[in-house]
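Here the protein sequences come in this chain order: A and B.
With our numbering as the guide, the letters of the first sequence map in order to residues 547 to 713.
With our numbering as the guide, the letters of the second sequence map in order to residues 840 to 1423.
Just so you know, these hints were derived from the structure itself, not from any lab.
Watch out, some of these pointers could steer you wrong.
[Claimed, not checked] Here are some chain A residues the structure puts well away from chain B; computed CB gaps all over 12 Å:
(1) Phe568
(2) Leu612
(3) Gly625
(4) Ile658
[Claimed, not checked] So the derived label-pair ranges between C-beta atoms look like this:
(5) Ser951/B to Leu587/A: 45 to 51 Å
(6) Leu587/A to Ser877/B: 35 to 41 Å
(7) Ser559/A to Leu863/B: 35 to 41 Å
Where a beta carbon is used, it is the ideal one built from N, C-alpha and C, also for glycine.
These are the residues of each chain, in order.
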Amino acid sequence: MYVLAKLLKALHSDAGPWSLAFGIMFGMIFGLTPVLAFHNLIVLFFVLFFRVNLSTFLLSWGLFSLCALLIDPLMNDVGEALLIHQQLQAMWTSFYNTAIGRISQFYNTLIIGSLAVTLLLSPFVLFLSKVLVVKYRSYFMAWVEQWNIVQVLKGSRIYQAYQRFGG
Amino acid sequence: MSNIIRWPGLVGFVVFVGFISAILIVFLDTWIRLAAISTLETATGAEVNIESVSHTFSPFGVTLEDIQLTDPSNPTQNQVQADKVVAQIELGPLLLNKVIIEEMTVSGVAFSQTRASKGSVYRQPGSPLIKPELLDPKKLPSVDELLARADLKTTHAINEAKQAYQRHASELQTQYDSLPAKDKLKEYKDRISALTKTDYKDPVELIAAKKKFEVLREELIQEQQKIKSFKQSVSDAKNDLAPKLANLKAAPGQDYDQLKLLIAGDQGAIEDVTRMILGDKAALWSDYLLSAYKIVAPLIKGSTEQQTSRDSGRFITFADDTNLPDIWIKKADISLHWQQERIHSHWQNITHQHERIKQPTTFSINSSASALWQSLLVNGDFRLSQMGLSANQQWDLEGIKLSDISLLKDHKLTTKIDQALFGSIGKLSVENGTMNGSGDMNFSQLRMTATGQNNLTKVIAETLSQLNSLKIKTDISGSYAKPKVSFRSDLDKQLAAALVANLSGDQQTKLVELRGKLDDKIKAVLGEKNGQLSQWLDWQKLADGNLTGVEEMLSVQFNNALDEQKDKLKNKLKDKLKDKLFNQ
Chain A
547 MYVLAKLLKA LHSDAGPWSL AFGIMFGMIF GLTPVLAFHN LIVLFFVLFF RVNLSTFLLS
607 WGLFSLCALL IDPLMNDVGE ALLIHQQLQA MWTSFYNTAI GRISQFYNTL IIGSLAVTLL
667 LSPFVLFLSK VLVVKYRSYF MAWVEQWNIV QVLKGSRIYQ AYQRFGG
Chain B
840 MSNIIRWPGL VGFVVFVGFI SAILIVFLDT WIRLAAISTL ETATGAEVNI ESVSHTFSPF
900 GVTLEDIQLT DPSNPTQNQV QADKVVAQIE LGPLLLNKVI IEEMTVSGVA FSQTRASKGS
960 VYRQPGSPLI KPELLDPKKL PSVDELLARA DLKTTHAINE AKQAYQRHAS ELQTQYDSLP
1020 AKDKLKEYKD RISALTKTDY KDPVELIAAK KKFEVLREEL IQEQQKIKSF KQSVSDAKND
1080 LAPKLANLKA APGQDYDQLK LLIAGDQGAI EDVTRMILGD KAALWSDYLL SAYKIVAPLI
1140 KGSTEQQTSR DSGRFITFAD DTNLPDIWIK KADISLHWQQ ERIHSHWQNI THQHERIKQP
1200 TTFSINSSAS ALWQSLLVNG DFRLSQMGLS ANQQWDLEGI KLSDISLLKD HKLTTKIDQA
1260 LFGSIGKLSV ENGTMNGSGD MNFSQLRMTA TGQNNLTKVI AETLSQLNSL KIKTDISGSY
1320 AKPKVSFRSD LDKQLAAALV ANLSGDQQTK LVELRGKLDD KIKAVLGEKN GQLSQWLDWQ
1380 KLADGNLTGV EEMLSVQFNN ALDEQKDKLK NKLKDKLKDK LFNQ
């Protein structure tokens, strides 16, 4: 309920569509890759330092974490294929012999596989999200505002509290 | 720009990272302690206690205090313990998962100390030292049972003699049958005589005779070869069979010496009496010899590839270009605490990946005289590679004072060293994981107390109590993971003699019966084989005679006869020529 309230507020706020789209994109990276990995510290830095919408980031993180349970084996296979690929061996070996390489744990099949998949999907997710937010605001926002459920939601204590604390 | 940057967010990020770092630093000692305990427990299979851990950042170092490793085979004792371990670790390589320790000091190391409370054992060690079934005189077996049960040298000697005979018999018989008989030799003689005594009138007859000579000569050469070959075969057979017959003759005596111990008492106990008397102490001392290698054993185990479950992904290892080993202790000083004295050892390059540093691990102890010893000298090196462990170690220990050391505590026999001076010298090498070494252990100024409870142990105890010195030879073999250490001393013989000297009347009777039955066993075989050997020797003499005859025929009669005939013919031809020339 809290997250849904946040999402509604974000969609119906003045926040730019790129801010919302970046939130969804970074949330996807956070959700699909193992949380306790070094690259997620960089993602967190981007999310906090730049005006990335935190509501869409958190919602996206939760949703993509559920998706990860289903596609983990696939990403694992992608990682395995990448790490054992003959033409990439020189690159992996030199990266493996650096401190940052070891800290990143790129040589774990799931970490490298999920990171590769999410980086590949990121531009598409970013632009698709931006388009969807714009379309929503143009065509659906006024209509959704009239829904009883939204009125109920807006009148709820949680939403009020959220508004009060400036979420 | 301010539209896209969220400064409070940066503060939040810094606070978040700072909070995580603070937690890491605050609990760093605890985590190091838990990691060290976990690693050591995995390696030893028993409870490990570390009292406290502290660290410094510049230079990065760790200090562990009061470390105790439970002995999995005796959880009331520590396998090893140390008062303090101080290590300076290089931070850079640590980021590459390399533990490079510039300098390490381990003080107050002690072995086999009693623990305050019994330690937990997570993995049972390998089977304990097998003690011989000892010290209980068994019901005397009958002589037939003894002979049936024992692995007799006599039986082996009989088999070897039979096999040696069979190896040569048929071949010799065949060769002997193909030798020229008397008639044949006579025929050769007659043919030679006929050819040599004929008066050849013309060259055509002479040429024909010469051809016959050649044929005859060829035949004789063949006969000569046969005889020579036969003589060689007889000689080989004799050389093979004769020593085996000598062994056969000696075997009953050797078996008798061995078996009389069975009649006197427990052979198993007597054969391994040195190990028995020294008990577990001997195993402990031999363990000290191998302690250098045992230090690296956990490192070797730790080098196996890390595997995790599918859900967490799999860690793939790439070639390591850094050429740094995973663990490398460049210099270590280990101080061993023994009674009131300290023994300092110096180590260099402790690692399990020597090919990366291209140097072996070296260690040395050079301890001058103290109240407990005259000198302790140990030095060695070892290197681990794909081929296994290669190592060298020499030791020379002199004048170690021993007192009140309980060796064996059994309800039938107890042994104790009241006082002795102990010395040991030896060397040990390991090539590709296989050990080869030997050493002498000398106990001088020895005073032992021993008490026995039955006839057998009383004799053992009395013999031991009279000892004033003891020399033990140690042989080390097998793999370094499972070394085999054997002990030999003249104590075995002394005890055997004492036991045999105390035989009862019944035992004496059995000994006489035993000797008789052993002698009977070889009588028939020895007689038969001796006869067969004699026959071969007769054949050899006969062949000698025949060979001489053939050689005479070959070398003297042929050449002479031919020359004579040639000369005669030449003279005739000369005469004829003269007649023709001068009578014309």
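Here is how each hint holds up against the structure:
Against the 12 Å criterion, Phe568/A falls within the reach of chain B, whose nearest CB is about 10 Å from its own CB. Distance check for Leu612/A against chain B: the nearest CB is about 15 Å away, which clears 12 Å, and the non-interface claim stands. Non-interface status of Gly625/A relative to chain B is broken: a Cβ of that chain comes within 12 Å, the nearest being about 6 Å off. In this structure Ile658/A is not separated from chain B by more than 12 Å, as the shortest Cβ-Cβ distance comes to only about 8 Å.
Taking 45 to 51 Å as the suggested C-beta distance range, the pair Ser951/B and Leu587/A conforms, at roughly 49 Å. Checking the proposed 35 to 41 Å range against Leu587/A and Ser877/B shows it is violated: the Cβ atoms sit about 26 Å from each other. The hinted window of 35 to 41 Å between Ser559/A and Leu863/B holds, with their beta carbons roughly 38 Å apart.
In the structure shown, a violation is registered for the earlier hints numbered 1, 3, 4 and 6, in ascending order.
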